[in-house]
Amino acid sequence: MEDFVVKISRSQAYRARRLALEMIDGSHQKQFTRMWDYAAELLRINPGSTIQLLTDTRDGPNAQPVFKRFYVCLHAIKSGFRAGCRPLIGVDGCHLKGPSGMQLLEAIG
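Using our numbering, read the sequence shown as starting at 1 and increasing by one per residue.
Some clues are possibly wrong.
PhoX-like mimics (lysine-lysine), calculated; alpha carbons at most 25 Å apart, straight line [to be verified]:
| no. | residue 1 | residue 2 |
| --- | --- | --- |
| 1 | Lys68 | Lys97 |
| 2 | Lys78 | Lys68 |
| 3 | Lys30 | Lys78 |
| 4 | Lys30 | Lys97 |
The hints are simulated quantities; they were obtained by calculation from the structure and are not laboratory data.
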């Protein structure tokens, strides 16, 4: 902030950054509402794939479903795994950055 001779507080800078990122990336809530579109598109371009999207339902007149998990097994990976299955299966995962604190888990064979 000193480089640009701007006098703003740390909280003002934080809010401005958050608003700018939301304008660029969109809100996390809006991104999660597009998960059904993403699942439908994956099934359209990868017929034979397995996709499961799990949400929780909330009570209330304007309640929206809450995302829980998303499972994807593409047809090419599924058929390749069945054709030449290795006896060893590994599981790997990582934590995703963002306000949701979610994890990405994958099974490797």
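Outcome of the hint check:
1. Simply put, Lys68 and Lys97 have alpha-carbon atoms about 16 Å apart, close enough for the 25 Å limit, and the pair holds.
2. Restraint check for Lys78 and Lys68: satisfied, since their Cα atoms lie roughly 23 Å apart, inside the 25 Å limit.
3. Of the supplied pair hints, the one linking Lys30 and Lys78 is violated, its CA atoms being roughly 31 Å apart against a limit of 25 Å.
4. Among the hinted pairs, Lys30 with Lys97 is consistent with the structure: their alpha-carbon atoms are about 17 Å apart, no more than 25 Å.
The structure fails to meet hint 3 from the earlier list, while all remaining hints are met.
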